[in-house]
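The lines below spell out each chain.
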Amino acid sequence: GAGVSQSPSNKVTEKGKDVELRCDPISGHTALYWYRQSLGQGLEFLIYFQGNSAPDKSGLPSDRFSAERTGGSVSTLTIQRTQQEDSAVYLCASRDLLAGVPYEQYFGPGTRLTVT
Amino acid sequence: SQKIEQNSEALNIQEGKTATLTCNYTNYSPAYLQWYRQDPGRGPVFLLLIRENEKEKRKERLKVTFDTTLKQSLFHITASQPADSATYLCALDVYSGTYKYIFGTGTRLKVLA
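Top to bottom, those sequences are chains A and B.
Per the working numbering, the very first residue in the first sequence carries number 399; after that it's consecutive.
Per the working numbering, the very first residue in the second sequence carries number 9; after that it's consecutive.
Take these hints with a grain of salt, some might be off.
Under the rule of at most 16 Å between Cα atoms (straight-line distance), these lysine to aspartate or glutamate pairs were calculated in the EDC-like manner [claimed, not checked]:
1. B:K11 x B:D101
2. A:K415 x A:E483
3. B:K79 x B:E13
4. B:K118 x B:E17
5. B:K108 x A:E502
6. B:K108 x A:D454
7. B:K79 x B:E62
8. B:K63 x B:D75
9. B:K108 x A:E442
10. B:K11 x A:E442
11. B:K118 x B:E23
12. B:K108 x A:E483
Derived from the structure by calculation, the hints contain no laboratory data.
I would like the entire structure built from these sequences, with the hints used as guidance.
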């Protein structure tokens, strides 16, 4: 695709509900990252997928957070039993480690999650 | 603890002047450092990368310096324009078995016409 896409762009949910956020990376990009950005804060690393390797989950803030990447492409970030402190913008980025400038991350527009 | 610091307060400068943004880090030994631009409601966009063995990198009106002794990077925008107004983020690409990025909190730049 032309770029990284994320859906939904906005999500309002009630405390205690589960939510799923989707990321479609750039076709062929082997690496995929999830970040969280709270108001006025920098990007907080959540999880990183690279090819068929085990994901680096070291940034997930609690066991309520999980992510999958199916077929090396689309990824879903799931937050169970949402809390108000989960409210933030969730950003996805992909990266091509095999060619050109291997370090640049391409970000999606983000999903703004509001937990009421 | 490991930390990346950027000017937390917004930087306002007059159009045509040079904007200088600072990124300081502690307890990292990054292989490279990157700068991104983020506009409201959008994801960050990559601008420049500088490696640990490079002192300076330029791209059009942008210049980045990297001092691994001071553990500091400076990001300069010369001949600034109102369209340069955005938040600028620095990121360390720290190899720790995986290519994980650590981002600073960003500095909001406003260029006044």
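Evaluated hints:
no., hint, in the structure
1, B:K11 x B:D101, "holds (13 Å)"
2, A:K415 x A:E483, "holds (13 Å)"
3, B:K79 x B:E13, "holds (11 Å)"
4, B:K118 x B:E17, "holds (11 Å)"
5, B:K108 x A:E502, "holds (12 Å)"
6, B:K108 x A:D454, "holds (9 Å)"
7, B:K79 x B:E62, "holds (13 Å)"
8, B:K63 x B:D75, "holds (7 Å)"
9, B:K108 x A:E442, "holds (11 Å)"
10, B:K11 x A:E442, "holds (12 Å)"
11, B:K118 x B:E23, "holds (9 Å)"
12, B:K108 x A:E483, "violated (24 Å)"
The earlier numbered hint that this structure contradicts is number 12, and it is the only one.
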